[in-house]
Every structure is written in structure tokens, then in C-alpha cells.
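K.L.:
Chain by chain, the residues run as shown.
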Amino acid sequence: MDTTGEKNISVLGDDPGLLKAAMISQQDEISQLTWLCDSMEKLLSLHNQEQIQEGFLLLVEEITNYRHCVLYLFGDAPHQYSIQACRGITAEEVQTKYQLEADILRWVIKENRWTVIPGEGNGNEDFWVSILPLVSAGKEIGFLLLNTCPDQRIFTQGNLRRLTYIASYVALALENGRLYQNIVNTKNYLKDIIENINEGILTLGIDGNISLLNRNVTALLGLASADIVGQSCQHCLSPELKRAFDIIIGQTFKQGYVMDYRLDHTPQEGQSIPLAINCSLLRDEKGVPNGVIITLRDLTTSLELQRFRELDAMKDEFISNVSHELRTPLGIITSYIEALLERVKPEDLATQRKFLSIANQACDRITGLVNNLLDLSQIESGRFFLDLKRVNLKDIAVSVVKSLELCQGEVEVQLALAQDLPYILADEEKIYQAILNIASNALKYSPVGRTVLIKVFKDNNMVKLMVHDEGVGIPEDELPYVFEKFYRSSSSAAGFQGSGLGLPIAKHIVEAHQGTIEVESTLGKGSIFTISLPFPDGNERGGSYGGE
Amino acid sequence: MDRTTCQEMLKIVLEVIQDIPTLPNVVYHLTRLMENPATSALQVSEVISRDQALTAKVLKLVNSAYYGFPRKINTVSQAVVILGYNNIRNLVFTTSVFDVVVKPNGSEPLFNKVKFWEHSLGCAASAKIITKKMGFKKTEETFIAGLLHDLGKIVLYHFLEGESAEVLMVAAERDLLLIEAEQEVLGINHTYAGKLLADKWNLPRDITAAISFHHNPLPAGDNFRLCSIIHLADILSRCLNIGSGGDNKIPLLNERSWEVLNLSWDKMKHILSEVETEMEKAQAFINLLEA
Numbered sequence: 001m002d003t004t005g006e007k008n009i010s011v012l013g014d015d016p017g018l019l020k021a022a023m024i025s026q027q028d029e030i031s032q033l034t035w036l037c038d039s040m041e042k043l044l045s046l047h048n049q050e051q052i053q054e055g056f057l058l059l060v061e062e063i064t065n066y067r068h069c070v071l072y073l074f075g076d077a078p079h080q081y082s083i084q085a086c087r088g089i090t091a092e093e094v095q096t097k098y099q100l101e102a103d104i105l106r107w108v109i110k111e112n113r114w115t116v117i118p119g120e121g122n123g124n125e126d127f128w129v130s131i132l133p134l135v136s137a138g139k140e141i142g143f144l145l146l147n148t149c150p151d152q153r154i155f156t157q158g159n160l161r162r163l164t165y166i167a168s169y170v171a172l173a174l175e176n177g178r179l180y181q182n183i184v185n186t187k188n189y190l191k192d193i194i195e196n197i198n199e200g201i202l203t204l205g206i207d208g209n210i211s212l213l214n215r216n217v218t219a220l221l222g223l224a225s226a227d228i229v230g231q232s233c234q235h236c237l238s239p240e241l242k243r244a245f246d247i248i249i250g251q252t253f254k255q256g257y258v259m260d261y262r263l264d265h266t267p268q269e270g271q272s273i274p275l276a277i278n279c280s281l282l283r284d285e286k287g288v289p290n291g292v293i294i295t296l297r298d299l300t301t302s303l304e305l306q307r308f309r310e311l312d313a314m315k316d317e318f319i320s321n322v323s324h325e326l327r328t329p330l331g332i333i334t335s336y337i338e339a340l341l342e343r344v345k346p347e348d349l350a351t352q353r354k355f356l357s358i359a360n361q362a363c364d365r366i367t368g369l370v371n372n373l374l375d376l377s378q379i380e381s382g383r384f385f386l387d388l389k390r391v392n393l394k395d396i397a398v399s400v401v402k403s404l405e406l407c408q409g410e411v412e413v414q415l416a417l418a419q420d421l422p423y424i425l426a427d428e429e430k431i432y433q434a435i436l437n438i439a440s441n442a443l444k445y446s447p448v449g450r451t452v453l454i455k456v457f458k459d460n461n462m463v464k465l466m467v468h469d470e471g472v473g474i475p476e477d478e479l480p481y482v483f484e485k486f487y488r489s490s491s492s493a494a495g496f497q498g499s500g501l502g503l504p505i506a507k508h509i510v511e512a513h514q515g516t517i518e519v520e521s522t523l524g525k526g527s528i529f530t531i532s533l534p535f536p537d538g539n540e541r542g543g544s545y546g547g548e
Numbered sequence: 001m002d003r004t005t006c007q008e009m010l011k012i013v014l015e016v017i018q019d020i021p022t023l024p025n026v027v028y029h030l031t032r033l034m035e036n037p038a039t040s041a042l043q044v045s046e047v048i049s050r051d052q053a054l055t056a057k058v059l060k061l062v063n064s065a066y067y068g069f070p071r072k073i074n075t076v077s078q079a080v081v082i083l084g085y086n087n088i089r090n091l092v093f094t095t096s097v098f099d100v101v102v103k104p105n106g107s108e109p110l111f112n113k114v115k116f117w118e119h120s121l122g123c124a125a126s127a128k129i130i131t132k133k134m135g136f137k138k139t140e141e142t143f144i145a146g147l148l149h150d151l152g153k154i155v156l157y158h159f160l161e162g163e164s165a166e167v168l169m170v171a172a173e174r175d176l177l178l179i180e181a182e183q184e185v186l187g188i189n190h191t192y193a194g195k196l197l198a199d200k201w202n203l204p205r206d207i208t209a210a211i212s213f214h215h216n217p218l219p220a221g222d223n224f225r226l227c228s229i230i231h232l233a234d235i236l237s238r239c240l241n242i243g244s245g246g247d248n249k250i251p252l253l254n255e256r257s258w259e260v261l262n263l264s265w266d267k268m269k270h271i272l273s274e275v276e277t278e279m280e281k282a283q284a285f286i287n288l289l290e291a
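Going down the list, the sequences are from chains A and B. Take the first sequence: its letter number 215 is residue 215 in this note's numbering, and every next letter is one higher. Take the second sequence: its letter number 197 is residue 197 in this note's numbering, and every next letter is one higher.
No lab work stands behind these hints, which were simulated from the structure alone. Fair warning: there could be bad hints in the mix.
Said to hold, decoys possible - Listed next, the in silico EDC-like pairs over lysine to aspartate or glutamate satisfying Cα-Cα at most 20 Å (straight line):
id, chain 1, residue 1, chain 2, residue 2
1, A, 20, B, 35
2, B, 72, A, 103
3, A, 402, A, 428
4, B, 249, B, 184
5, B, 137, A, 428
6, A, 110, B, 35
7, B, 133, A, 140
8, B, 132, B, 35
9, B, 138, A, 140
10, A, 139, B, 274
11, B, 281, A, 140
Stated by the list, open to error - These stretches of chain B come out as covered by chain A in the derived footprint (C-beta under 8 Å, 3 or more residues):
id, region
12, 40-53
13, 62-71
14, 201-209
As the list claims (entries may be wrong) - One side only, chain B facing chain A, incomplete, derived with CB under 10 Å:
id, residue
15, 75
16, 78
17, 80
18, 82
19, 85
20, 132
21, 137
Heads up, the beta-carbon is just placed ideally off N, CA and C, and yes, glycines get one too.
Please model the entire structure based on the sequences and the hints provided.
P.N.:
Below, the structure is given as C-alpha cells:
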């Protein structure tokens, strides 16, 4: 070993100045580290990326007194980075001034240490460029490019240590901030989904307290406030809902779920919401139940849609029936008029008369049908008015029978009229129409040789008209539907023509007169339709008034 | 071995160590400088530059594949600002230690020198990978500690050949760990001999601890973690059959160390697969040292 070396050791070892300087620096280092720990604690508590950046760049400035610096952050793609913040320089200037060499950058990031990048001039430059990598738990977050004075007092081992520590904490803070933002975004996204979904969503904890609800729940259940998270479900619900929820939740805990529990809920007087309620268990990641999730669906729209679908189907059937009803008499008219024009001799007046009367009957059928359609259209559109006058029901019955004579053919119509019937206030034409509809039905369904009896009599404070036939009758289970629009009973489907309009129109007319219409029937024996109309108690009324 | 012979052997070892040359004074100067956080790269490079042979070696090493910096590093001060203070300090230490223990007097040690350094290198590479996988930054420190962990064996089997020949025989005959045979035959073992030399050379405290406690990290105090890493790395390099530490046995893993290192078997698999690549890089480093 060389002797000069020996000498150097003793000189250095005994140099009190050097030792003192080292001790002072160590003390400074400790106080600096304490200050650094506080700063780091503050940075780590931040979630906002810009605040973290700002705090970081200030700390670095304090240590290095940089001329300018550029913060780059890595994107999702490997080796892709972009400028996140600049101090003392603009982003455009950075592009022209610095061309970062990829291999050097990769090396520095891998080494994860503040590193001065050697320039071309072998250390004689008037500035130093250094890179401080930001790496958190092996994940490369970004790096800071620094332009400082080529001052030896900046790149000391103390500063190297400090900056390297700051960088790893900042990387952690930035990564935390990013994760925090992700969580916030995910939470907001889920909240948007929950708030905007078409259904009401309500979750309850195992203790029965509300843990989440969306605004649809408050609307559907008519809750006064949405601010009831944490409160007991039992305290917030009406008794009606409470009962339903008890059943649903009880069943859910027993069998794991409840599907489409139906409830007509009345959140307030006069408002009824048909609800379908689903409920299932909420389980934690270990599969242990920790509550229930309840979804509420408003069925108003879907029930309406279902009704519309049914109506649509009925209308289709109606159109097909009506077309048939119109085509048959039209066919008769066409063929008889053709025969008149081409085959019947002009002098054969008897045949001419017979053919014309058949065509006339067919015309009446068409007229009746069209009248019914018009009536229905008036009823449907609300333009149905009554022209009330004093009339005797007996007279109307007689004129109906007269008009039926033409087509009664093989069925006998008998009239039984009571004497001294009180007059009623009625729209004669409309009542005539109603009775005609019922009586022509009776004729239509009566086999040859049978009788249709029409009886008019007074019963208590009503004048009644009864149409009794000995026809095919109506099955008992179909009786409740005979007055529904477009409804055709199974017996009428068996070869009888009809539009399904006559009875509903009759019912509407009678009810518009404050009367009632009833039906009794025995299958195979016949039916009895009874119209009851009130008569005024000695007081006369006249003029017209709106029906509906 | 009785107490008197043990005392005599200790005396002999101390005398041998007394005769081992000190490290060049640049190392001591550097140590002093590094105690001061305000030390600048220029000061460090000035100290190194005083020793021309060292300067040449440092520049050769910093430009080696081991560090892998993509550009040529022309000056020592550049080396400091690029590789950092710790790397340079460790590099200077290792170079100086190698100069003393590898090159002296031409006499061959009792065991295969190449295999011995291969084992040390295997331990160093494993230690570096373990440190990295544990998420710690001090990979260079653990690398050097791994490289020098068996320094005591140089003392016993290189400078004290006469007394140690029996140790190797006993270890081979009775299939003992070298440390067990040393204790039985000499009364002292290589961890203690290594510590004595490290003290003489004023090696950094953590490296000295690794030398002393790599077979039993429990008493290592503040350096328990580092010593546990070297302990595991030593066992790994033996398991992987990298070189030879003079015996063929694998020591038992200290349970507490395993707990503290907290490595999953999954991570261990990664470590084992990465050691080989690291070995190649480390080999280049040693080749340069030996050149």
C-alpha cells in the first residue's frame, strides 16, 4: 500500500472541521427529514391530482431551485407519456428544447433514482438536465424533468435521498388519487344507473333499515322524503305497504326470492298504482345474507298495453265480422238487382216486387248495422246526446214489432202490453234502437216455429220491457260478457251472423236513461232480456240534456 | 476443542488479519465523505480520481453491462450523478476488497476459488432479486452484502491454510456444514473471522452484519431484515447449485426470517427464475473486477 495513503487517513481522521461539518449536515438532514415527513403526510392525504402536483413541484423547487421543470405522466399504453404540468416553460417550448431518448429514460425509470442526464459537453454545460422517476410499488406513474444550475450543491447525496423519497410518495399519492377518482367515477356511474332505471330500487340491511333507495321508490311509494337512508323501513311506510313488505321479506328469507308480487298501491286518495314487486337476498362476498334488494315496477303502462293489445285483437275480429255483415246483404242486393235487370220480364210485376222487397230487407240490415256503428262511434267519442220527451214504452214496442214483421218469417212475435202504463222521459229514437237490437237478436237465435214474447209492464217505480225467446240460450259463464263491445258468444259464433255491437249499444242507451238491462238464460231453452226504465214521479221534464 | 486451544486459535486468526493489508485510503476517505449528506458528486469524484488505477476500474465497471447505462460514461463525476452515491461507494468497496483478497501472493486457497466466487455471486444475485421482489430500493447494498458474506472463508482457507485443512476434511467425512466443522475443529467459524476482517477494514455496518449473521440472523438487531435476505439468498444459491461454499450441505432456513421476509411461494418461483439472468450480468461484473 502507498505511504501517501496512510498519511491521508490520519489527516482526514483527525480533521475536526470535516467531522464537525458532517455532524452539522447530519443534524440538518434529520430536521429536513422531519419536515419532509410532514409534507409527505399532507400530500398523501390529498385526492386531487392537481393539488398533489402543485405540492410536489413546490417541494422540488425548494430542494433544487430548478429553472424549469416538466411533469410527465404515463398513460395506459406502455411507454406512452404526456406532459401533465410545466413550470417556467411552456409545453411548446418543451417540445423543441428536449428530445428525450427512450433508452436513457427507460434505464432511469428502471433504476428509479434521481439521475442527471449527461450532456454532450462533458459536464461543462451551463445547466443540468435530470430526471426524477415516479414509481409506486413497481408501477411506473411518470417522471419529472428538471433543468437546474450545474451547481454541485444541488446534486448532493442528501438531496438525492430526499428527492427519491419524495418521488416515491408522490407516485403513491398520484396513484391513490387516480384510484380514488376511479372509485368516485364508478360510484357516480352506478348512482346514475340506479337513479335512471325504470324501476324503483330499495335495499334494506339485515336490521330492516333502509340502506339505499332511488327516486322512483319515493315516487312509487309516495314517500314524503328521499332522505330516509338509515331509517327503519317500518317507520317510513304506510300500514298497507308495511304489511306487504313483511310478507315479501319473510318469504324472501325463507325461499331466497319473491317474484312479481302484485299490489295495488294507493299513495294518495284517488290514485292507484298497480305494482309488481320483486325481492331477493343481498349477500356479501362470502355468500352470507346481509339484507334484501327490492325492486318495484309500475304496471300501469304495461297493463294498459295489454288492454290495448286485447282491444286491437277485438277490433280485428270486429272488422272481419262487420265486413261479413255488410257483404252478405250487399251480395243479396247485387244478385237480386242483376236478376231484375236481366232475367225478370218487365211484365212480371209479382216477381219484380218480391225481388225488390228482398233487396229492401237487405238494405234495412245494412242501415241497421251502419246505425249501430254510428251510435257506437258517438258513444266512444262522447258525442252521445239524448233528446228526452214524454213517451210511452208501449208505443215504441209496437213500432219495433211492426218493423220486425218484415223479417220475422218463421218465428212468431207476441206482444203483451199492460194497460195504463206511465209515460217515461226518453229519447224515442234511441230507445227504439235499443229494443230493436234486443228483439232482432231474439229472432235471430230462435229456431223455426218458436215464439218470441215481448212484454211491457209496470213494476214498482219502473216500466219494464221483457224480450223472452225460446232460442239457443247463452252459456252461463258467458253471461257476464254479453254486453261487452265486439263480444260474440260461442253460440253466435256457430253460424249466426252479427257484429257484437247490438247489445252493448242497447245497454249504453238504457243506462243513459238511468235504466238497467238484465239477462237470464238457460242453454238450449232460451233467454230473457229485461229493460227497466224509471218513470217520473208526476213531474214533467222536457228539453234535451247531455247523456254522458 | 478446549478453551485454551480456542483462545490460541483466536490469537492466530487475529494475527493473520493483522497481516492482511488495509484497504486503500481512498476507501476511508470516501466513507468519511459519505457520512456527510451535503457531500456533492464533485467531492466524491475528486477523491476517487486521486487513485488512477481505481478511477480506471470504476469507469470500466460503470460502463459494464452490469449497470447497463445506454451511453458511455466518461468521467467519475458523471458516474456519480448517473449511478448514485451508494452504487459508487459499493463499487469502490468491492473493487478494493477484491484487490486485497483475490490477488495476494499467488498462493491458491484450499478450496476451488472459482466455485467459491460463483457461490458468492449466486448469493449476491439472489439477494438483489429478493430485495427487488420485496419492493425495497436497496438492491445494490444487498448485492454487495451477498457478494462479501463469506469473507471469513477467505481469512480461514486462504490466509490460514495449515489450520483449516482439517476443517474441510471433517466437513467432507462427516457431511457437516462448514460452519459446524469450523466450530468443532477451530473453535471459531468463518462468520466471526469475517467480522474481524470487516471491522479492521471499517466496512459499512450493514455489510459487516451480513457477514456476521448470515447463518443466524436472529441477533442481527437493526440489520435483521438484510441478514435474513442474505441468509435466504445463501440457501437459494446452494439449492440452485451455483458454485460451492466449500461444503455440499444446505443450511436450515430460519423460521423467523422466513416470516419477516413474507414471501409467497408464487414470488419465490419468480425469484428463482430471475436469478439466472441476474447471474449473467453479475458474472460480467466479477470478470471486470478480476481483470
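K.L.:
Confirm or reject each hint.
P.N.:
So, going through the hints one by one against the coordinates:
Under the criterion of a C-alpha separation no larger than 20 Å, the hint pairing residue 20 of chain A with residue 35 of chain B is consistent with the structure, at around 11 Å. This hinted pair checks out: residue 72 of chain B and residue 103 of chain A have alpha carbons roughly 13 Å apart, not beyond 20 Å. Under the criterion of a C-alpha separation no larger than 20 Å, the hint pairing residue 402 of chain A with residue 428 of chain A is consistent with the structure, at around 16 Å. Straight-line distance between C-alpha atoms of residue 249 of chain B and residue 184 of chain B comes to about 16 Å, which keeps the hinted pair within the 20 Å bound.
A hinted pair counts as satisfied when its Cα atoms are at most 20 Å apart, and residue 137 of chain B with residue 428 of chain A does not qualify at roughly 106 Å. For the proposed pair residue 110 of chain A and residue 35 of chain B, the alpha carbon gap of about 27 Å is over 20 Å, so the pair is violated. At roughly 15 Å between alpha-carbon atoms, residue 133 of chain B and residue 140 of chain A fall within 20 Å of each other, so this suggested pair holds. For the hint linking residue 132 of chain B to residue 35 of chain B, the alpha-carbon distance of about 25 Å lies beyond 20 Å, and the restraint is violated.
A threshold of 20 Å between alpha carbons decides the hint, and for residue 138 of chain B with residue 140 of chain A the separation of about 18 Å falls inside it, so the pair holds. Taking the CA atoms of residue 139 of chain A and residue 274 of chain B, the gap is near 19 Å; set against the 20 Å cutoff, the hint holds. Using a Cα cut-off of 20 Å, the hinted pair residue 281 of chain B and residue 140 of chain A is violated, with the two alpha carbons roughly 24 Å apart. Residues of the region 40-53 of chain B with a Cβ under 8 Å from some Cβ of chain A number 4, which satisfies the need for three, so the listed coverage holds.
Note: the region 62-71 of chain B has 4 residues with beta-carbon separation from chain A under 8 Å; the three-residue rule is met and the coverage holds. Counting residues of the region 201-209 of chain B whose beta-carbon sits less than 8 Å from any beta-carbon of chain A gives 0, not enough to reach three: the coverage restraint is violated. For residue 75 of chain B, the shortest C-beta to C-beta distance to chain A is roughly 6 Å, which falls under 10 Å, so the interface hint holds. Annotation: interface hint on residue 78 of chain B holds; nearest CB of chain A at approximately 5 Å, less than 10 Å.
Residue-level restraint check for residue 80 of chain B holds (minimum Cβ-Cβ distance to chain A is 8 Å; threshold 10 Å). The beta carbon of residue 82 of chain B is positioned within 10 Å of a beta carbon in chain A (closest approach about 6 Å), and the interface hint is therefore held. A cut of 10 Å between beta carbons decides the hint on residue 85 of chain B: the least distance to chain A is about 4 Å, and the hint holds. The restraint placing residue 132 of chain B at the interface with chain A holds, with a minimum CB-CB distance near 9 Å, inside the 10 Å limit.
For residue 137 of chain B, the shortest C-beta to C-beta distance to chain A is roughly 7 Å, which falls under 10 Å, so the interface hint holds.
In summary, the numbered hints that this structure violates are 5, 6, 8, 11, 14.
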